[in-house]
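Residues per chain, in single letters:
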Amino acid sequence: MLDKITILGGLDKNGMPEKVQRLEIAAGEVLAAVGPTGSGKTQLISDIEQYAEEETLTGRSVLINNQPVNKNKDKRSLRYLIAQVSQNMNFVIDMSIEEFLLMHAQVRGIREPARTIEEVLAITNHLSGEPVTFSTNLTQLSGGQSRALMVADVAIISNAPVVLIDEIENAGIDRLQALEILTGQGKIVLVVSHDPTLMLMAGQRVVMKNGGMEKICRTTPKERKILEDLVRVEKQVAGLREHLRRGKSIGLDDNREEDNEKERLVLWQKF
Amino acid sequence: MRFVIVAGTPSSGKTSVMVHTIRHLLRSNLAVAACKIDCLQTSDDARYSRLGIPVAVGLSDYICPDHFYVANLEEIETWAQGQKADVLVLETAGLCHRCAPAVYDCLSVCVIDNLVGVDTPRKVGPMLSSADIVVITKGDIVSQAEREVFRYKVEMENPQARILDFNGLTGQGALALKNEILNCRPLEGISGRELRNPMPAASCSYCAGETIIGKSHQMGIIKKVDFGRGN
Ligand SMILES: Nc1nc2c(ncn2[C@@H]2O[C@H](COP(=O)(O)OP(=O)(O)OP(=O)(O)O)[C@@H](O)[C@H]2O)c(=O)[nH]1
Ligand SMILES: [Mg+2]
Ligand SMILES: [Zn+2]
Ligand SMILES: [Zn+2]
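Sequence order for the protein chains is Z and X.
Going by my numbering, the first residue of the first sequence is number 1, and it counts up by one from there.
Going by my numbering, the first residue of the second sequence is number 1, and it counts up by one from there.
So that you can see chain Z by itself, here it is in the shape it has in the complex:
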């Protein structure tokens, strides 16, 4: 059972000790890694993926359940510990969703493959606006559909206890639901993000600077309130998007010109 991952700090890009010397993520928790491009977010993911033992560029070490990792001895048990989803990843196999999910389920020794892949499909369609079917070819999926299928597959078939998510904000999927699905199963989730909504969905965030872990911020009650607002606005934007995409207009019937910013905001929120 994986209860906790610990990252022991190493050095930043100048060779100075990182300000944060101990970072812990427990099962069922989300940690966001934030900071400008080039500040070291991806390297942090890479250190975790490699179960760093002071040998990588940063000199960090990763502990699992408070124990150092023995990469040679524990090779088997480390095998399916970490799964990753990122913006750069795509499906490249020319195969239907059904064929491929069955293949993956077989590789992972899933006992009831037919039922399991039904579940993956249901979650995929729950996360993505545009539904897919079993016969859809993997290479035909839109960016949003691909990301939704990746999250669903990672949650149900890969079922790794640690999930690393690298910038999925522009993916066009329901991120709140995606995180809920992953953490609901007691997974440890690390999200690299520039998106304030995703940052606040995490229980804590580590701020990266110059290659080092600079600071840990716990999400405050006030930030959680703001998150609620953000999520509401996002839902409204999504609603507006649907409205416009279906060919509807706003304000055509009463023909009133609305110049006031505030009134305009309220106006489209009603739809």
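Since the hints were made in silico from the structure, they are not lab data.
Cβ atoms here follow ideal geometry from the backbone N, Cα and C, with glycine treated the same way.
Each hint should be verified, as a subset may be incorrect.
To be verified - Label pairs and their computed distance ranges (CB to CB): (1) X/30 - Z/2: 36 to 46 Å; (2) Z/77 - X/170: 21 to 31 Å; (3) X/98 - Z/159: 34 to 44 Å; (4) Z/159 - X/29: 53 to 63 Å; (5) Z/180 - X/70: 50 to 60 Å; (6) X/47 - Z/96: 57 to 67 Å; (7) X/29 - Z/17: 20 to 30 Å; (8) X/170 - Z/2: 23 to 33 Å; (9) Z/96 - X/192: 45 to 55 Å; (10) X/51 - Z/247: 56 to 66 Å.
As the list claims (entries may be wrong) - Calculated from the model, a selection of chain X residues having no Cβ within reach of chain Z, i.e. all distances over 12 Å: (11) 19; (12) 30; (13) 60; (14) 63; (15) 105; (16) 186.
As the list claims (entries may be wrong) - Which stretches of chain Z does chain X cover? Using the computed rule of at least three CB atoms under 8 Å from a CB of chain X, they are: (17) 49 to 60; (18) 80 to 86; (19) 104 to 118.
Given the coordinates of chain Z, assemble chain X with the ligands onto it according to the supplied hints.
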């Protein structure tokens, strides 16, 4: 001298993988020499040269690159010894998927990428199945599910090999490969060592420059399609 033979499908990332790994070897104060065997042309020598190490290139031209490679192993070893190398990295173009460059007592690395499709590990043949280490690249651009399926298919073809995930762009995985190289025993000399897989014969009239189609132009070892197969 440690003798490292690197094979793999075209553009799988062989040079990228070895450039990152050699950097780590150099950091440990080991002298490295690199040699590339290819068919018609290569620019890999420039990439190895940028590391400031001695580099040699052999172009097989009209000969099967793998046959050419075997026939030159002693010479390549002598050259690398002359460069005082602790580690010799020999990258081969491995194109025909029937020849495999692995030699007993050398460290044999096969580099294959996630983009080639899940059926490819089966088709690659002895180049994959006789490797000590299989390096899988380009995991950064395919889904987790495909990575897991692909790795499984590789394992089916070569259950003994150590399998390393490698990102040829960032070098993630290079430390693990460096350690594998350090763990392998130095070779006492390539002469008299044995290929792990015999290479198929290639001595027909086309090997010797024939270009005209037709039975009357074919001589030497000729094999014909068996059209009965598949019925
Ligand atoms: N995204 C991604 N690209 C990679 C990776 N590894 C290599 N590449 C790219 O793949 C291309 C081919 O890489 P090379 O290292 O030249 O491959 P090679 O096997 O030496 O090629 P040949 O010697 O010509 O057969 C280059 O554009 C690399 O940048 C990887 O892990 N991820
Ligand atoms: Mg090359
Ligand atoms: Zn050949
Ligand atoms: Zn021939």
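To see whether the hints hold, each was checked on the structure:
1. The beta-carbon spacing between residue 30 of chain X and residue 2 of chain Z, approximately 37 Å, falls within the hinted interval of 36 to 46 Å.
2. Take residue 77 of chain Z and residue 170 of chain X: their Cβ atoms lie about 26 Å apart, and the range 21 to 31 Å holds.
3. Hint check: residue 98 of chain X to residue 159 of chain Z, Cβ distance near 39 Å, so the stated range 34 to 44 Å holds.
4. Taken as a hint, the range 53 to 63 Å is violated for the pair residue 159 of chain Z and residue 29 of chain X, whose Cβ atoms sit roughly 44 Å apart.
5. A C-beta distance of roughly 58 Å is found between residue 180 of chain Z and residue 70 of chain X, which places it inside the suggested range of 50 to 60 Å.
6. For residue 47 of chain X paired with residue 96 of chain Z, a C-beta distance near 40 Å fails the hint of 57 to 67 Å.
7. The supplied range of 20 to 30 Å is met by residue 29 of chain X and residue 17 of chain Z, whose beta-carbon atoms lie about 26 Å from each other.
8. Between residue 170 of chain X and residue 2 of chain Z the C-beta distance comes to about 26 Å, which sits within the given range of 23 to 33 Å.
9. With their beta carbons about 53 Å apart, residue 96 of chain Z and residue 192 of chain X fall inside the hinted range of 45 to 55 Å.
10. Range check, residue 51 of chain X to residue 247 of chain Z: Cβ separation about 60 Å, and the 56 to 66 Å hint holds.
11. Non-interface call for residue 19 of chain X relative to chain Z: holds, since the shortest CB-CB distance, roughly 16 Å, exceeds 12 Å.
12. A cut-off of 12 Å between C-beta atoms confirms that residue 30 of chain X is not in contact with chain Z; the least separation is 16 Å.
13. Distance check on residue 60 of chain X: its Cβ is at least 31 Å (rounded) from any Cβ of chain Z, clearing the 12 Å threshold; non-interface status holds.
14. With a least beta-carbon separation of about 34 Å from chain Z, residue 63 of chain X lies farther than 12 Å from that chain, consistent with its non-interface assignment.
15. Taking the minimum C-beta to C-beta distance to chain Z, about 22 Å, the non-interface status of residue 105 of chain X holds against the 12 Å cut.
16. Interface exclusion of residue 186 of chain X from chain Z stands, the closest Cβ pair being 21 Å apart, more than 12 Å.
17. Under a criterion of three residues with beta carbons nearer than 8 Å to beta carbons of chain X, the stated coverage of the region 49 to 60 of chain Z is upheld, 4 such residues being counted.
18. Using a Cβ-Cβ cut-off of 8 Å, 5 residues of the region 80 to 86 of chain Z lie near chain X, which meets the minimum of three, so the contact claim holds.
19. Only when three residues or more bring their CB closer than 8 Å to a CB of chain X does the claim for the region 104 to 118 of chain Z stand; here the count is 3, and the claim holds.
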